[in-house]
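Using the sequences and the hints given, assemble the complete structure.
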Amino acid sequence: NGDMLDAIANLRRESWGAILTTMFIAGSETTAVTTAWTLCEFARYPEVQQRARKEVLGFINAAGGLERALGPEGFAMAKLPFLEACVMEGLRLHPVADGAVIAHTSNKPFDMLGRSFPSGTKVVPLLKMAMRRDMAQRFGWEDLEEFRPQRWLAEDGGIDRERDKALLTFGAGPRVCPGAQMAKKQMAVLLCTLLSRFGSIRFDEALSGPGGSFVRQQMLTSICPKNLHLVFEEHVAACAEN
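Final position of the sequence shown in the working numbering is 410; the numbers increase by one with none missing.
It is possible that part of the hints are untrue.
Within a straight-line C-alpha distance of at most 20 Å, the following computed SDA-like cross-link-like pairs (lysine to any residue) qualify [what the hints assert, rightly or not]:
1) K222 / G325
2) K353 / W309
3) K296 / F278
4) K352 / E223
5) K222 / R329
6) K247 / Q318
7) K353 / E373
8) K333 / W309
9) K352 / V383
10) K290 / R384
11) K353 / R219
Ranges of calculated distance between the beta carbons of each label pair, as one might list FRET restraints [unchecked claim]:
12) A374 / T289: 45 to 53 Å
13) L375 / P214: 17 to 25 Å
14) G232 / R301: 17 to 25 Å
Hints listed in this document are in silico derivations from the structure and should not be mistaken for laboratory results.
Note that the Cβ used here is the ideal one computed from N, Cα and C, for glycine as well.
See the structure below:
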């Protein structure tokens, strides 16, 4: 409406800078970085990668080719539950906006855990630590440092939506990221494309070390993988694209 357009037109230069920064960092970089981390885990766990690829190729063949499968009418996350579980496990293991990336400052004194804190206190949410403790208690999960997408699957093979609610990577409540579902779909589409095009995704061990042992976290505008170098090997027989 007119009021909203007037408000947008009258934004200060500083506000536009904040909006554009948010669009770049929260709207695109986080998706790309999480996809990179998920590919890193595919290289670490080739059996998981192969299971995801099998599901993807079955979905593409049933749709009549990659273009139809990934088109606006053909793509459906519900038909790729294991791939979605891979995305969710990547988000759980590697929350790109953890810690100091999303630190806040309190604007008034507050009490927590029996202690009082003054106004201006820096509050640093440790999402990975909080999710690990919560999921171990609620679901009895073990080996939480391992990449196990099957954690997210219900008995019927679909995503367990109760467990989905415990994923705090996108936040929760009224401040939850409005682009969460779009980001998950973007990652799934990219992974679907790569898994269908390439028969193997593995570490370049000369640069990433045996089993990716040289790969580390580095703090830039988000928590990115450092020393991640992957080799993509094409299928011996390419998937048909009708």
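Now the hints, each set against the structure:
Between K222 and G325 the alpha-carbon distance is near 15 Å, which keeps this suggested pair within the 20 Å criterion. For the proposed pair K353 and W309, the alpha carbon gap of about 26 Å is over 20 Å, so the pair is violated. At roughly 24 Å between alpha-carbon atoms, K296 and F278 are farther apart than 20 Å, so this suggested pair is violated. With a C-alpha separation of about 17 Å, the suggested pair K352 and E223 falls inside the 20 Å cut-off, and the hint holds.
Simply put, K222 and R329 have alpha-carbon atoms about 23 Å apart, too far for the 20 Å limit, and the pair is violated. For a cut-off of 20 Å, the pair hint linking K247 to Q318 stands: about 15 Å separates their Cα positions. Between the alpha carbons of K353 and E373 the distance comes to roughly 30 Å, so the proposed pair goes past 20 Å and is violated. Distance check on the hinted pair: K333 and W309 sit about 15 Å apart at the alpha-carbon level, within 20 Å; holds.
Among the hinted pairs, K352 with V383 is inconsistent with the structure: their alpha-carbon atoms are about 24 Å apart, more than 20 Å. Between K290 and R384 the alpha-carbon distance is near 26 Å, which puts this suggested pair outside the 20 Å criterion. At roughly 19 Å between alpha-carbon atoms, K353 and R219 fall within 20 Å of each other, so this suggested pair holds. Between A374 and T289, the C-beta spacing of about 47 Å keeps the proposed range 45 to 53 Å intact.
With their beta carbons about 18 Å apart, L375 and P214 fall inside the hinted range of 17 to 25 Å. A beta carbon spacing of about 46 Å between G232 and R301 contradicts the range 17 to 25 Å that was offered as a hint.
In the structure shown, a violation is registered for the earlier hints numbered 2, 3, 5, 7, 9, 10 and 14, in ascending order.
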